[in-house]
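The lines below spell out each chain.
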Amino acid sequence: MSQNRPEKDDPALDAKKTISLPISRVRLIMKSSPDVSSINQDALFLTTKATELFVQHLALSSFNNGCGKESNSLSYSDLAKTAEETETFHFLTDILPKKILARDYLKSLEQMQEEDADL
Amino acid sequence: MAEKPEDLNLPNAVITRIIKEALPDGVNVSKEARRAISQAASVFVLYATSCANNFALKAKRKTLNAADVLAAMEEMEFERFLEPLRAALEVYKKGQKGKKEVSEQKRKEKEKKADCEHEKSKEDEEGEDEEEQRMEEEAEEGEDEVEN
Numbered sequence: 001m002s003q004n005r006p007e008k009d010d011p012a013l014d015a016k017k018t019i020s021l022p023i024s025r026v027r028l029i030m031k032s033s034p035d036v037s038s039i040n041q042d043a044l045f046l047t048t049k050a051t052e053l054f055v056q057h058l059a060l061s062s063f064n065n066g067c068g069k070e071s072n073s074l075s076y077s078d079l080a081k082t083a084e085e086t087e088t089f090h091f092l093t094d095i096l097p098k099k100i101l102a103r104d105y106l107k108s109l110e111q112m113q114e115e116d117a118d119l
Numbered sequence: 001m002a003e004k005p006e007d008l009n010l011p012n013a014v015i016t017r018i019i020k021e022a023l024p025d026g027v028n029v030s031k032e033a034r035r036a037i038s039q040a041a042s043v044f045v046l047y048a049t050s051c052a053n054n055f056a057l058k059a060k061r062k063t064l065n066a067a068d069v070l071a072a073m074e075e076m077e078f079e080r081f082l083e084p085l086r087a088a089l090e091v092y093k094k095g096q097k098g099k100k101e102v103s104e105q106k107r108k109e110k111e112k113k114a115d116c117e118h119e120k121s122k123e124d125e126e127g128e129d130e131e132e133q134r135m136e137e138e139a140e141e142g143e144d145e146v147e148n
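Residue numbers (UniProt numbering), protein chains in the order written: chain A, 1 to 119; chain B, 1 to 148.
Next up, chain A with everything else stripped away, as it sits in the complex (with noise of 0.2 Å):
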């Protein structure tokens, strides 16, 4: 791999474009985590980048694992059905929870009712 840089060529400026996401506000986020003292600048920029490519990861999965192909959509089902089905996303299914229609949710209560009531 060589890199040709011209001397006028400006490394902040490069540097500048590797992110979009405000590494300020990921640093609030990182200070809420309990036991945390200090972050070193360069962790805190990894932590930035990273958190760019998780959403694009997240994103990219979703869409190819769920049912918005065919209609050329993302969805929130799509992503929920992601966190359950995908290992590395595990992490994300409680606050990814599968929604089920009320009639469901009351459904399978009375089955676990029933259930209780044989025993």
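It should be emphasised that the hints constitute simulated quantities derived from the structure, not laboratory data.
Where hints are given, some of them may not hold.
As the list claims (entries may be wrong) - With a cut-off of at most 25 Å between alpha-carbon atoms, the simulated DSS-like pairs for lysine-lysine come out as follows:
1) B:Lys-20 - A:Lys-81
2) A:Lys-81 - B:Lys-31
3) B:Lys-31 - A:Lys-98
4) B:Lys-62 - A:Lys-31
5) B:Lys-99 - B:Lys-113
6) A:Lys-99 - B:Lys-31
7) B:Lys-31 - A:Lys-31
8) A:Lys-98 - B:Lys-20
9) B:Lys-20 - A:Lys-31
10) B:Lys-112 - B:Lys-99
As the list claims (entries may be wrong) - Chain B stretches covered by chain A per the calculated footprint, using a threshold of three residues with CB under 8 Å from any CB of chain A:
11) 38 to 48
12) 52 to 64
13) 68 to 76
14) 83 to 96
15) 103 to 115
Note that the structure is a prediction, hence the values are computed from the model and not measured.
We put the beta carbon where it would ideally sit given N, CA and C, even for glycine.
Position chain B relative to chain A; hints supplied.
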């Protein structure tokens, strides 16, 4: 200054842009999906931070560093991120160094301007000053390398 819960969310506009760039052209993304991805991203930051912090604590350090974050990615099974992260970090570090050099240059120029006014009387001492500045710079660079 109270911390509002909303402040722990990432800006919607940027999240939307990242999503659009990741997906093929023309894919419709529902508002609900966008909001969910944004929340997932915040949770990701927390999870990554907690994981990285464990590595730092294990090494008896109080400051999270780059290695901790990379180790966290591996732990979370996001090895696919490691290469692009390392590459981005390289560019970032060069940028930081560039910024430092630019501000160093500006400082030197300012000093030179001030010196010009005293030039006639301090002509002999100027050479020594430059040498001192160069030695300071080299020392600083050395320190940087140690930190990184």
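Against the structure, the hints:
| no. | hint | verdict |
| --- | --- | --- |
| 1 | B:Lys-20 - A:Lys-81 | holds (20 Å) |
| 2 | A:Lys-81 - B:Lys-31 | holds (17 Å) |
| 3 | B:Lys-31 - A:Lys-98 | holds (17 Å) |
| 4 | B:Lys-62 - A:Lys-31 | holds (13 Å) |
| 5 | B:Lys-99 - B:Lys-113 | holds (21 Å) |
| 6 | A:Lys-99 - B:Lys-31 | holds (16 Å) |
| 7 | B:Lys-31 - A:Lys-31 | violated (28 Å) |
| 8 | A:Lys-98 - B:Lys-20 | holds (24 Å) |
| 9 | B:Lys-20 - A:Lys-31 | violated (29 Å) |
| 10 | B:Lys-112 - B:Lys-99 | holds (20 Å) |
| 11 | 38 to 48 | holds (count 10) |
| 12 | 52 to 64 | holds (count 6) |
| 13 | 68 to 76 | holds (count 5) |
| 14 | 83 to 96 | holds (count 10) |
| 15 | 103 to 115 | violated (count 0) |
Checked against the numbered hints given earlier, the structure breaks hints 7, 9 and 15 and satisfies all the rest.
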